[in-house]
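Peer 1: So the chains spell out like this:
4 protein chains.
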Amino acid sequence: MTNQDEFKRIAGQLIAAGRFIDSKGWVPATSGNFSVRLSDGRIAITVSGKHKGQLETEDIMLVDGDGQSLDGKKPSAETLLHTSLYQRFPDVQAVLHPHSLHATLAARLFKDEMVLEDYELLKALSDIDTHQSRIVIPIFANDQNIRRLAAVVKNYLDHHDAIHAYIIAGHGFYTWGRSLEEALRHLEALEFLFECEIRLHGVKK
Amino acid sequence: MTNQDEFKRIAGQLIAAGRFIDSKGWVPATSGNFSVRLSDGRIAITVSGKHKGQLETEDIMLVDGDGQSLDGKKPSAETLLHTSLYQRFPDVQAVLHPHSLHATLAARLFKDEMVLEDYELLKALSDIDTHQSRIVIPIFANDQNIRRLAAVVKNYLDHHDAIHAYIIAGHGFYTWGRSLEEALRHLEALEFLFECEIRLHGVKK
Amino acid sequence: MTNQDEFKRIAGQLIAAGRFIDSKGWVPATSGNFSVRLSDGRIAITVSGKHKGQLETEDIMLVDGDGQSLDGKKPSAETLLHTSLYQRFPDVQAVLHPHSLHATLAARLFKDEMVLEDYELLKALSDIDTHQSRIVIPIFANDQNIRRLAAVVKNYLDHHDAIHAYIIAGHGFYTWGRSLEEALRHLEALEFLFECEIRLHGVKK
Amino acid sequence: MTNQDEFKRIAGQLIAAGRFIDSKGWVPATSGNFSVRLSDGRIAITVSGKHKGQLETEDIMLVDGDGQSLDGKKPSAETLLHTSLYQRFPDVQAVLHPHSLHATLAARLFKDEMVLEDYELLKALSDIDTHQSRIVIPIFANDQNIRRLAAVVKNYLDHHDAIHAYIIAGHGFYTWGRSLEEALRHLEALEFLFECEIRLHGVKK
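Residue numbers (the working numbering), protein chains in the order written: chain A, 61 to 265; chain B, 61 to 265; chain C, 61 to 265; chain D, 61 to 265.
By construction, these hints were calculated from the structure, which means they are not laboratory data.
Do not rely on the hints blindly, as some may be mistaken.
Quick list of in silico lysine-lysine cross-link-like pairs, PhoX-like style, CA-CA up to 25 Å [what the hints assert, rightly or not]:
no. : chain 1 : residue 1 : chain 2 : residue 2
1   : A       : Lys183    : D       : Lys110
2   : C       : Lys110    : D       : Lys110
3   : D       : Lys183    : C       : Lys84
4   : C       : Lys183    : B       : Lys84
5   : C       : Lys171    : D       : Lys183
6   : A       : Lys110    : B       : Lys84
7   : D       : Lys183    : C       : Lys110
8   : B       : Lys183    : A       : Lys133
9   : C       : Lys171    : C       : Lys134
10  : A       : Lys183    : D       : Lys133
11  : C       : Lys183    : B       : Lys171
12  : D       : Lys183    : A       : Lys183
Reference listing, derived: stretches of chain B covered by chain C, where coverage requires no fewer than 3 residues with Cβ under 8 Å from a Cβ of chain C [claimed, not checked]:
no. : stretch
13  : 85-94
14  : 126-136
15  : 178-192
For every residue, glycine included, the Cβ atom is placed at its ideal position computed from N, Cα and C.
Excised from the complex, chain A in its bound form (with noise of 0.2 Å):
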């Protein structure tokens, strides 16, 4: 398959993925963007400004692995915080961004992390083989200056086991995988999670 078939391939699913993760109120406005590394290492990803429910295939741009328009189009100001996934996890193929509201208000309910435990559905995120686990996902604060955010999250990662995603506070959440059906399965799992601990917060059990 040449590099333009496989970037039309990905293009589609991107915006499949879209209409989906659009049709369960996870990416309201314009909100969220979505990648997927390619295999010659280019980096497909929505461009700024869409709304992610309605993508066309011009609205999916081409990036080098830092980050860097490849065809004059112009990316998300996000766009660092996909390519320093990308560099750091070699395994990782997609990245998500969906803007969800129980993602939105765990930043407000829980400080600087989120812990879940004795889910069955943690199962869902990958080396995950029992529900007896404790997953961490850690909130950073929200930041315009996203070279600055994306040292912050940098920095964390080098100091703790590896994560299956992050919050940034009033921002929604990143999480990613191997592939872009793994990574949508970490979406869904996760939004379910957040929404669990929400309901719960708070309630006297």
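Starting from the known structure of chain A, arrange chains B, C and D on it as the hints suggest.
Peer 2: Then chains B, C and D, alone, in the frame of chain A:
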């Protein structure tokens, strides 16, 4: 393009907007109304009493800049709230009045205004470029006398900085934009932010 | 139009109403029932035990004004609640009995009635033209003896002003209208208002 | 009808059931599994690891009455919970295991069981003919050792009256029926009732 062509195109966009807004549950029963300003200054607006998820071309009418019917159809009682916005803001081309649950609850839980701060999604509002903004959404008392209600809105606008929307207590909200697309983006973002604030209301953080 | 043509048209409308009501989640499992009065006084009503989101023409039957089957099909046990309303209100042409979550919760949270005030959406109810109305929705205890339950409803109606709907505890609600369209508008508006009241119940304002 | 025809028909019904259940949000990520007993005693069941809203015929496999694969495909680890139910209840023809938010929350809010009383919708459960019934849904601790978990369920069933469903903590619930249609009716009714109980939990009545 002739005026008639433009009207038909705009009517189609309003019908599609109505289906989208209704699919979210934001215009229950026959509530809500929507309008777009045509290039010659006339305003295409939904007629009174129709379900906004089931609009047909004949349910879109034309009024002049003062809200007088230009085609014999009966305008909604609230047409004056639309024309007031077009008169004040020359660059506004679309006004949307959804009647959502969260806007309705907002007026019961917050007194005179909602304050939205520290949300990335604020950047979906026009001319906002950081989550570190403080956005005020005023809440006005409901009034069946629309002329009096319009005067209250006018008085507020005369004495405050520009706003992106206002809530009428027990009666949904108004938002607008330099295009129908922008007004829809404002609607979707504000509804998300209203839900965040309502979910956080009274929660021990 | 022949009687048979009218029945087929009405059956089609009831099937479409069922799909709409089910799409909102207001008739879970095989709950709920709907009817329309034909021009000759017979009543088209959903049969017992079918899923209201998946109705077919054969799931709509005919009863006379007293609820006796006219076509050998088995009417729902609650048919008498429909025919009682048609007998009392000569201008009522449609009765809807959804079984929504909010109506079910309402009966647990409020004692004998719900009071709806200061909502613009009250104007979606027939003969209401201002939000400054006070609408009472009585809540009756559930009873498997439908004849006895119908007598309780009749007694209430004999001694109170006209109402737009009533709730049966743990059993959804009944609403009606001068057309199926009006009954659907009542249903959608009341469900919205019930949700408002339930969301506000116990919230510190 | 040949066995192969029956299998194809049943597989189609399981695929449709999966789409319906997923449309409600009750099988997030790749959670949940469903089965139907064929007329010759073999069991058609969803394979491990697929999204239940996107099932294809190849995702439905055949196991014998003890849960052993009959076609070389890998059965879900939880197959034993299905076959245990078929062994105990000769008239059960379908078993559904959704993984809904409300079932997941239920196990956190209620200790050993949920009690459902005074709901008309209890009549959607087989052999229940009045809302004045008291239905107990036991909650079992989650366990990655499915054989041990199946033994706990068996022990409970040996010492209690017949039940319509059971919850596994943090892991959704199991329900069943004399047909797939009945099992789906049970699922829809129970999910509604679980949501009622959870919404009422901790609310001052």
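Peer 1: It remains to establish, for every hint, whether it holds in the given structure.
Peer 2: Evaluated hints:
Restraint check for A/Lys183 and D/Lys110: satisfied, since their Cα atoms lie roughly 13 Å apart, inside the 25 Å limit. A threshold of 25 Å between alpha carbons decides the hint, and for C/Lys110 with D/Lys110 the separation of about 31 Å lies outside it, so the pair is violated. Under the criterion of a C-alpha separation no larger than 25 Å, the hint pairing D/Lys183 with C/Lys84 is consistent with the structure, at around 21 Å. The hinted pair formed by C/Lys183 and B/Lys84 meets the criterion: a straight-line CA distance of about 21 Å does not exceed 25 Å.
Restraint check for C/Lys171 and D/Lys183: the C-alpha separation of about 23 Å stays at or below 25 Å, so the hint holds. Between A/Lys110 and B/Lys84 the CA atoms are separated by roughly 19 Å; this keeps the pair inside 25 Å, and the hint holds. Of the supplied pair hints, the one linking D/Lys183 and C/Lys110 holds, its CA atoms being roughly 13 Å apart against a limit of 25 Å. With a CA separation close to 21 Å, the supplied pair B/Lys183 and A/Lys133 stays within the 25 Å bound.
A C-alpha spacing of about 34 Å is found between C/Lys171 and C/Lys134, which places the hinted pair above 25 Å, so the restraint is violated. Pair hint A/Lys183 plus D/Lys133 holds up; C-alpha atoms about 21 Å apart against a cutoff of 25 Å. The suggested pairing of C/Lys183 with B/Lys171 holds, with an alpha-carbon distance near 23 Å, which does not exceed 25 Å. For the suggested pair D/Lys183 and A/Lys183, the alpha carbons sit about 35 Å apart, so the restraint of at most 25 Å is broken.
Given a C-beta distance limit of less than 8 Å, the hint that chain C covers the stretch 85-94 of chain B holds, as 4 residues qualify and 3 suffice. Only residues whose C-beta sits within less than 8 Å of a C-beta in chain C count toward coverage, and the stretch 126-136 of chain B has 0 of them, not enough to reach three; the restraint is violated. Under the rule that three or more residues need a Cβ within less than 8 Å of chain C, the assignment of the stretch 178-192 of chain B is violated, with 0 such residues.
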